[in-house]
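Student: These are the residues of each chain, in order.
Number of protein chains: 4
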Amino acid sequence: MIIAMKPGADMDELHHFAKSLEKQGVKIHLSEGISQTVFGLVGDTSGIDEEGLLAHHLVDKVMRVQEPYKRANRLFHPHDTRLAVPGPDGAARYIGGGHLGIIAGPCSVETREQILGIAGAVKEAGAGFLRGGAFKPRTSPYSFQGLGCEGLDLLLDAKKETGLPIVTELMAIHQLEVFDGVDIIQVGARNMQNFTLLKELGHCRKPILLKRGLAATVTELLMAAEYIMAGGNEQIILCERGIRTFDNYTRNTLDLSAIPALKKQSHLPVIVDPSHATGLAWMVPAMAKAAIAAGADGLIIEVHNNPEAALCDGEQSITPAAFGSLMDILRKYAAVEGKAV
Amino acid sequence: MIIAMKPGADMDELHHFAKSLEKQGVKIHLSEGISQTVFGLVGDTSGIDEEGLLAHHLVDKVMRVQEPYKRANRLFHPHDTRLAVPGPDGAARYIGGGHLGIIAGPCSVETREQILGIAGAVKEAGAGFLRGGAFKPRTSPYSFQGLGCEGLDLLLDAKKETGLPIVTELMAIHQLEVFDGVDIIQVGARNMQNFTLLKELGHCRKPILLKRGLAATVTELLMAAEYIMAGGNEQIILCERGIRTFDNYTRNTLDLSAIPALKKQSHLPVIVDPSHATGLAWMVPAMAKAAIAAGADGLIIEVHNNPEAALCDGEQSITPAAFGSLMDILRKYAAVEGKAV
Amino acid sequence: MIIAMKPGADMDELHHFAKSLEKQGVKIHLSEGISQTVFGLVGDTSGIDEEGLLAHHLVDKVMRVQEPYKRANRLFHPHDTRLAVPGPDGAARYIGGGHLGIIAGPCSVETREQILGIAGAVKEAGAGFLRGGAFKPRTSPYSFQGLGCEGLDLLLDAKKETGLPIVTELMAIHQLEVFDGVDIIQVGARNMQNFTLLKELGHCRKPILLKRGLAATVTELLMAAEYIMAGGNEQIILCERGIRTFDNYTRNTLDLSAIPALKKQSHLPVIVDPSHATGLAWMVPAMAKAAIAAGADGLIIEVHNNPEAALCDGEQSITPAAFGSLMDILRKYAAVEGKAV
Amino acid sequence: MIIAMKPGADMDELHHFAKSLEKQGVKIHLSEGISQTVFGLVGDTSGIDEEGLLAHHLVDKVMRVQEPYKRANRLFHPHDTRLAVPGPDGAARYIGGGHLGIIAGPCSVETREQILGIAGAVKEAGAGFLRGGAFKPRTSPYSFQGLGCEGLDLLLDAKKETGLPIVTELMAIHQLEVFDGVDIIQVGARNMQNFTLLKELGHCRKPILLKRGLAATVTELLMAAEYIMAGGNEQIILCERGIRTFDNYTRNTLDLSAIPALKKQSHLPVIVDPSHATGLAWMVPAMAKAAIAAGADGLIIEVHNNPEAALCDGEQSITPAAFGSLMDILRKYAAVEGKAV
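Residue numbers (the numbering used here), protein chains in the order written: chain A, -4 to 336; chain B, -4 to 336; chain C, -4 to 336; chain D, -4 to 336.
Hints in this document: simulated from the structure, not taken from any laboratory. Being a predicted model, the structure only gives us computed values, none of them experimental. Some clues are possibly wrong.
The list cannot tell twin chains apart, which means a pair is met if one copy fits it or any two copies do.
[To be verified] Here are the simulated DSBU-like pairs of lysine-lysine, each with C-alpha atoms no more than 35 Å apart in a straight line: (1) Lys1 <-> Lys334; (2) Lys334 <-> Lys56; (3) Lys22 <-> Lys118; (4) Lys56 <-> Lys259; (5) Lys194 <-> Lys22; (6) Lys14 <-> Lys201; (7) Lys22 <-> Lys155; (8) Lys259 <-> Lys1; (9) Lys1 <-> Lys201; (10) Lys14 <-> Lys334; (11) Lys155 <-> Lys56; (12) Lys56 <-> Lys201; (13) Lys65 <-> Lys334; (14) Lys18 <-> Lys327; (15) Lys14 <-> Lys327; (16) Lys18 <-> Lys201; (17) Lys259 <-> Lys155; (18) Lys327 <-> Lys155.
All chains, please: the whole structure from these sequences, using the hints.
Tutor: Here is the structure:
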């Protein structure tokens, strides 16, 4: 971290300030320039509050050289993390490190027939994981809120029948009690900075699929991962799912440049949710292909056997048939990129 | 709600679709135009999912005429809500309905001396409520996370000594156990769509200060209020605290037009947080005045006796002296607007 | 266009209003609902001002069913437009309709050696067109503003030597006098709504590469194209080059979902500028691949022989060698997509 | 400007790089830290391209300490600029430096009766300047484009009759020929970075009302002013008129914090356009008051005698009667702020 002090600052005051900073565990390299003095901070600056520094009357500008995340940082972990998720058969399914993880399934679990039907279809088409919502975060309290525990039970049945590990969203920490059979726990975009929840998930031993918040920067997403990792759980999958911008043609604006950005900054696998990002089923194949081309380690795609009758997000769900065609072309893209799918 | 069906849609299919919609409790007024048929939905459409409709192959466009919130809606509650918050002396302090509620205090409770000193100072300057964070949502897991229960105890001491009702943030529902003495519970911007938390607060009987999310629309803020109100707790104070935009001169972009917007749509009181919105202490007075001029029912302002040494957000805290001067001018603005402060 | 009138509006007033609208050349289909009357407008509504309607005291909401653009609209021109740009040899280079147009070259023309060297290198790597700025729009009046006419002359030399058609930016209409030898005229993002310029270009008979404004919606980009097309020049190439959002990891946020969006709404070819969108040379290959995967009809890429010494935008320029490697992989992507490159 | 070099950079290379920078007219103060070397640049850095530096393989991060604008910078011109605009009677009307400039009138000049009627009404209510569009930038080529020269003539008549100086928008430099009688030339938001136009206006000797672009930062607005000022015309009025964000309740998001931001950075007067910012006539009074409270030096407000029949932007125009009431309350605000209106 480099701090430019105000021009004309008193040198005694500057030395006094430098000492107070050193009490926070860093060393200060003080450099007197012609017009202003510059502090170079050496050591672990992750606990030093940039904005707090700006409150000080001697400080002009602050520039962070080292990122504030550590465990998520590629600097300290140069190789890609490859997550291994064991299926009901004990064999691992991989995400990251050259392996594409394809997660597919309905927005919400609705009925036994629905989830078993879709699970069978996406497995056949080549999906590696089954998604399905049991507890649903909905903008309106009057909208369908998910089947809850009953939905979880149906997901477990589908897992048993197809052998696909399951991914579902956790909305509150007390729900962990019923998440025993869940293979990957999803933290939704709206909970990306629910820090209490993140801290608790640090003590959990399951992979966490962490979705980027609607207005979260790349750094904030990595800091959210860091919250979980600081607790000891390093199995994180980052998920780009669209950010909120002025543009309203699509539901959100899919930020595919976040893929190379996240992969440069971090060793964690990065997947993309083209369904929530666009909110438009017809756009999902184009954006799924683009995500793989941009370097994503996988996809999470909404598939519904009857999108028109879906209890939520039907307009962004593709049919099992469309998913099958998409998988065919994704395999070609994976081949070009030298990745396993 | 008005639904424009696709041009050339089959009339039998349209009638069938209309019937399926009527099962959701609305009446359909079907109007055959020259180029396309239009459905007018009459009745309570708050449970009908706009996006679900768009998934249907017959549907072209959807326009919501009635807002999806009910209890927060001014349509069904034309008069301004005036919240009465009893202080330790039993007498009520008001927010809304012509009363400005001025909430002031430090970002975080740090020490006994700090909170008692600031509480006394802001009371003398004319604040009606004391704010102070005990549980702090911080972007980094390595930053100061607040004093927790000890901080709450210090706040209660300050309340006892000054008679000011207290406002503090709740980050997780289990913290409610220790919130007995808290007068107004704050829900932070990052938890605005923590629906599990909102639902639980619906069963609580304390006023909730609900902060707008960084990327939340006016409608989404009102839907978050509706989540709480649907549970039976109608004591909500809405708080504009800046939204995230491309502009980075200020920490967030204070959206003062949200005040007249929220007040047109809803009867709930609306206050403004100029400290978090701008992140710049020197800008707080200008934006506090502007908020009152734009029709706000109050303010929540960070005040710290020694901003340079604050454990968080020092750069946006004003001193007690600056707060005193601000109150002097705010009283003039209140007089112009015919409001009590 | 569908207009929902205010509930309880007087029927005589409504009929009077309907008549005044019909004077603007549309037919009104008036439908009395239970709670409110709805007008369905039939005919050419492109000249009717949505926002003007909302000023009327009888009007509640307005929903546009038909897009306000006509010549750019795929509805009236279902097949993809394929632009043919003749080179100095008279043979056409294509963009759109299954042909990828790859435009490469430096941000600014700097010297004869520079532009000839880069032109030769990108041609050898497989580029179809040469780009280079002579008149440069710079944020600061104190930055290098381009070589002007001298830069144009050097571009023409490079065209002569390599046979590559050239693309360069026009900043003001009087520059047209010296654009005789230019093959594709670029309109920059900052001039996308310079309507005077657009109108004049409507009378020009050269292809226009129209870049999306930093804060322009898909509809606004198509309306800008419509301005040119309304004047008779239908040779437009649309270019997505990143939009401005809260995210600041990249210079702009590349909105690849604009590709399928634009191609659904319009028949015009759509290309992508990954260099300006990201501002980061190392990210260009990933986003170039993603653009092709998302359905783009081409790319415009900054290539510089010595990015470190470039007079502008060096940090986003790739070297000729990197461009060569990128072309190798792009050919594989083109093969998967069944496109000629 | 401070440049942090990459850790481990070769010292000879660093010295060589420092020398190459010094050729651009700055002095380098090189400071060897423990982990990385820092360059401090002293002198005029306004011509040094931050982004160009980042392309260099030795450079890690760059921090600009001095703003890139000079003539617009308050640092070199500490006192507020007060613009004096002479009316037809030769007496000056002031904007800035304690004087509120109130500009009112219709979006477009439509007829003689309209403009004379509105001009008389706003003068009587206390406006200091008359606005009215003759050349209109419209999103659609099929919308009303303004009366052009005929509109200018009508404006001049209104000026003659009322004595109000007039403000109107210039869309292209050749229109200057007919702008002789115009007192303040408006540059619209869409032309804020039409650099060719800005340069030409630098040679003009009339005050320029420069509107902030939809996606322009505070710095970019000041750089646009700098373009004009660099040519010798220092009579600039900056205008905040709303920025584009995700929020769509209002047409744009009025960024009132831009007022204190611009006034801290620059000595130029800052006015606000609440009409275009909100797009909602009923919201104009609240935001006009808030603008004055936030420190604006004036307002530009759309007033129309018959908003429902306005040829453009009727939904954001207030009636002369509403303008009169607003002026009454604005005078009270001006009194609180100690400003002349």
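Student: State for each hint whether it applies.
Tutor: Hint by hint, here is what the structure shows:
1. Lys1 <-> Lys334: Intra 52 Å, inter 33 Å, cutoff 35 Å: inter-copy only.
2. Lys334 <-> Lys56: Intra 44 Å, inter 34 Å, cutoff 35 Å: inter-copy only.
3. Lys22 <-> Lys118: The answer is neither: 55 Å in one copy and 41 Å across copies each exceed 35 Å.
4. Lys56 <-> Lys259: Both. Shortest intra-copy (26 Å) and inter-copy (16 Å) distances satisfy the 35 Å Cα cut-off.
5. Lys194 <-> Lys22: Within one copy only: 30 Å inside, 48 Å across.
6. Lys14 <-> Lys201: neither (43 Å within a copy, 45 Å between copies)
7. Lys22 <-> Lys155: So lysine 22 and lysine 155 fail the 35 Å test inside a copy (56 Å) and across (43 Å) alike.
8. Lys259 <-> Lys1: Both: 34 Å inside a copy, 16 Å across copies.
9. Lys1 <-> Lys201: For lysine 1 and lysine 201, neither the intra-copy (49 Å) nor the inter-copy (38 Å) Cα distance is at most 35 Å.
10. Lys14 <-> Lys334: Close neither inside one copy (52 Å) nor across copies (46 Å); limit 35 Å.
11. Lys155 <-> Lys56: Answer is neither; intra-copy 57 Å and inter-copy 41 Å both fail.
12. Lys56 <-> Lys201: Answer is neither: 41 Å inside a copy and 37 Å across each miss the 35 Å cutoff.
13. Lys65 <-> Lys334: within (28 Å within a copy, 44 Å between copies)
14. Lys18 <-> Lys327: Classified as neither: same-chain Cα gap 56 Å, cross-chain 45 Å, threshold 35 Å.
15. Lys14 <-> Lys327: neither (59 Å within a copy, 45 Å between copies)
16. Lys18 <-> Lys201: Neither way: lysine 18 and lysine 201 sit 38 Å apart in one copy and 42 Å across, limit 35 Å.
17. Lys259 <-> Lys155: neither (37 Å within a copy, 41 Å between copies)
18. Lys327 <-> Lys155: within (30 Å within a copy, 39 Å between copies)
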